[in-house]
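Visitor: Listed in order, the protein sequences are those of chains F and A. To convert, note that position 50 of the first sequence is 50 in the numbering used here; the numbers rise steadily by one, no gaps. To convert, note that position 225 of the second sequence is 225 in the numbering used here; the numbers rise steadily by one, no gaps.
Derived from the structure by calculation, the hints contain no laboratory data. For each residue, glycine too, the CB sits at the ideal point set by N, CA and C. A few of these clues could be false.
Said to hold, decoys possible - Below, a sample of chain F positions facing chain A; criterion: calculated Cβ distance under 7 Å:
1) V26
2) A78
3) T181
4) S185
5) M189
6) S192
7) F193
8) K194
9) F201
10) R202
11) V206
Here's the letter readout for the chains.
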Amino acid sequence: MSTLPNQTTKEAPPAVKAPVGRDLAVDSPMSPWQLRYRRHESTILGTTCLILALVAWQVVSDTKIVNPLFVSSPTNVAKALADYVTSEGFAKDAKATAFTFLIGLGLSTGAGILLGLAMGWSRRTRYFFNYLVSIVYSSPRIAIVPVLILWFGIGRETGIAMVFLMAVFPVVINTMTGVQTVDPSLVEMARSFKVSRFQMFRTVIVPAALPQMLAGIRLAIGVGLVGVVVAEFLAGTVGLGYTMQTAAQNFEAAQLFAGLVIISAFGLIATQLLRLLERHFERWRTA
Amino acid sequence: MTSDQYLPSESGEIMSALAARQSKEAPVSRSAHETKLEVDDVAIGYYSERQGSYFQAVQSLSFTVPGESLVALIGPSGCGKSTFLRAVSGLLPYQRGRLLVDNSLVKGPRSDCALVFQSPTLLPWRTVSRNIGYGLEMQGTPKGVRESRVHDMMNLVGLEAFADRYPRQLSGGMQQRANLARALVTEPVLLLLDEPFSAVDAQTRDHLGEELLRIRRATRQTMLLVTHQVEEAILLADSCVVLSKGPGSVVAEIFDIPLGRDQPIVEKRADPRFASLVGHLRGLLASASSVEA
Numbered sequence: 001m002s003t004l005p006n007q008t009t010k011e012a013p014p015a016v017k018a019p020v021g022r023d024l025a026v027d028s029p030m031s032p033w034q035l036r037y038r039r040h041e042s043t044i045l046g047t048t049c050l051i052l053a054l055v056a057w058q059v060v061s062d063t064k065i066v067n068p069l070f071v072s073s074p075t076n077v078a079k080a081l082a083d084y085v086t087s088e089g090f091a092k093d094a095k096a097t098a099f100t101f102l103i104g105l106g107l108s109t110g111a112g113i114l115l116g117l118a119m120g121w122s123r124r125t126r127y128f129f130n131y132l133v134s135i136v137y138s139s140p141r142i143a144i145v146p147v148l149i150l151w152f153g154i155g156r157e158t159g160i161a162m163v164f165l166m167a168v169f170p171v172v173i174n175t176m177t178g179v180q181t182v183d184p185s186l187v188e189m190a191r192s193f194k195v196s197r198f199q200m201f202r203t204v205i206v207p208a209a210l211p212q213m214l215a216g217i218r219l220a221i222g223v224g225l226v227g228v229v230v231a232e233f234l235a236g237t238v239g240l241g242y243t244m245q246t247a248a249q250n251f252e253a254a255q256l257f258a259g260l261v262i263i264s265a266f267g268l269i270a271t272q273l274l275r276l277l278e279r280h281f282e283r284w285r286t287a
Numbered sequence: 001m002t003s004d005q006y007l008p009s010e011s012g013e014i015m016s017a018l019a020a021r022q023s024k025e026a027p028v029s030r031s032a033h034e035t036k037l038e039v040d041d042v043a044i045g046y047y048s049e050r051q052g053s054y055f056q057a058v059q060s061l062s063f064t065v066p067g068e069s070l071v072a073l074i075g076p077s078g079c080g081k082s083t084f085l086r087a088v089s090g091l092l093p094y095q096r097g098r099l100l101v102d103n104s105l106v107k108g109p110r111s112d113c114a115l116v117f118q119s120p121t122l123l124p125w126r127t128v129s130r131n132i133g134y135g136l137e138m139q140g141t142p143k144g145v146r147e148s149r150v151h152d153m154m155n156l157v158g159l160e161a162f163a164d165r166y167p168r169q170l171s172g173g174m175q176q177r178a179n180l181a182r183a184l185v186t187e188p189v190l191l192l193l194d195e196p197f198s199a200v201d202a203q204t205r206d207h208l209g210e211e212l213l214r215i216r217r218a219t220r221q222t223m224l225l226v227t228h229q230v231e232e233a234i235l236l237a238d239s240c241v242v243l244s245k246g247p248g249s250v251v252a253e254i255f256d257i258p259l260g261r262d263q264p265i266v267e268k269r270a271d272p273r274f275a276s277l278v279g280h281l282r283g284l285l286a287s288a289s290s291v292e293a
């Protein structure tokens with residue numbers, strides 16, 4: 001201990017720092033336009049790439065370098081998209097696909113979190129399920145669709161099962177990893193206060209593993225969409241995937257791409273909603 | 001270095017106090033309070049998963065902590081003092097002997113014992129006030145009672161202005177105060193401190209030490225402090241239990257620190273007996289370290 005008699009000053013709190021990014025030295029003072037560009041650089045560059053790709057697509061199609069019957073064109077896709085969205089078939093398709101997807105995602109999230117928490121927390125549970133999870137996860141699950149059709153028939157149930165099989169693994173694995181990487185000193189701290197197992201999960205394990213869990217759900221959204229579309233291709237009677245499959249068989253490339261755009265939009269919306277949730281739970285990080 | 005060269009003539013009374021302390025039947029403290037912690041021939045060992053080997057951390061420990069006293073447990077690094085503290089708090093099992101907190105046998109984590117960790121171990125997603133109230137919340141203290149006790153505690157440790165901040169917005173010293181407050185607010189029979197000031201800078205450490213003594217004057221809290229800092233032990237504690245070097249630590253010596261428990265740190269440091277006590281303890285530690293177990 002160093003000698004500092006009658007020290008009464010309290011330590012000052014550290015300055016609150018910006019949550020992301022770092023300071024980059026620039027070689028000359030920045031003009032307002034340069035500053036504006038720099039702030040939105042990622043948006044500007046990303047959008048430029050998209051526009052260039054669309055233009056190239058349009059050019060390839062208009063100049064008939066490639067047969068437009070197979071590739072369609074951005075304008076035709078836009079037209080097909082507008083027609084499809086306003087048709088009565090769209091509402092039915094979107095509803096069916098969304099239902100299958102959300103039920104499957106809900107089931108896989110619920111089951112995946114429970115199994116992931118158990119496997120992360122208990123060594124024996126982890127050992128017990130380890131091989132099964134690894135084997136099924138590394139197998140090409142798309143190939144299981146015929147088996148699922150055998151079990152569940154043509155229709156919604158096969159779709160839900162497929163989404164579940166696709167989406168449950170990222171949730172399980174991420175949750176498990178999240179629990180395993182919880183700071184052991186926090187667990188010990190909680191134990192020193194004689195917490196129950198439920199309290200341990202509620203106040204330490206789940207909040208600490210939450211970022212990983214949400215990352216797992218985000219991956220699950222992506223692979224779950226693949227699952228629902230593939231199931232509708234092979235075993236659907238209705239839905240966006242089914243309509244796309246029909247369009248492909250009829251050489252309606254524009255209709256096919258329109259379906260693709262809608263499914264992408266679906267995934268984007270779901271991911272953005274999840275990001276809002278992440279921000280809500282992570283507000284202590286940026287406070 | 002040996003202990004003798006650090007024993008000037010005026011430390012005669014220390015030695016007599018020491019002698020009294022070493023005879024087992026002597027009264028353990030000036031205060032007439034009952035014993036809050038009784039350690040009787042306790043041994044601790046564990047299996048190291050990393051090394052695949054068995055380690056006997058503590059061979060045989062026996063000492064007591066009287067009510068309202070602050071006992072420092074000091075020993076060379078690797079002597080198992082932190083491990084022992086975890087056994088007292090019920091986080092680790094012990095192999096032999098008896099550990100009694102408030103005259104009841106330690107069988108697992110208990111709500112009348114609170115641990116102040118070496119690192120702040122605050123939950124980063126809870127505000128400071130909710131971190132301090134964590135133990136009370138887990139013990140089911142009603143919200144109203146909890147909030148008023150947390151409020152009073154934050155005033156005591158000087159965190160009242162930071163109630164709604166998150167831990168990462170606090171300096172290391174303030175995080176450590178919150179760590180202390182979280183344990184204190186449960187009003188434990190025994191407060192266990194595991195090198196609580198080792199992770200902060202020297203200036204903050206001195207300041208927090210003074211704070212600890214002030215809080216102790218205000219609360220009359222019984223404390224067991226694990227440390228490897230000689231000066232910290234002398235300046236904060238009423239008596240000192242010295243452990244031998246591990247593995248298989250035993251109590252090398254127990255002695256009182258007659259600097260006046262309510263004296264401020266500056267006064268204690270200026271006391272002529274301070275230097276000799278420090279020297280005596282250094283000597284003990286040096287010889288404890290050279291003992292082959």
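Visitor: Each of the hints needs a verdict: does it hold here or not?
Guide: Now the hints, each set against the structure:
no. : hint : in the structure
1   : V26  : violated (29 Å)
2   : A78  : violated (45 Å)
3   : T181 : violated (14 Å)
4   : S185 : holds (5 Å)
5   : M189 : holds (4 Å)
6   : S192 : holds (4 Å)
7   : F193 : holds (4 Å)
8   : K194 : holds (4 Å)
9   : F201 : violated (13 Å)
10  : R202 : violated (10 Å)
11  : V206 : violated (10 Å)
Hint compliance for this structure: hints 1, 2, 3, 9, 10, 11 are broken, all remaining hints hold.
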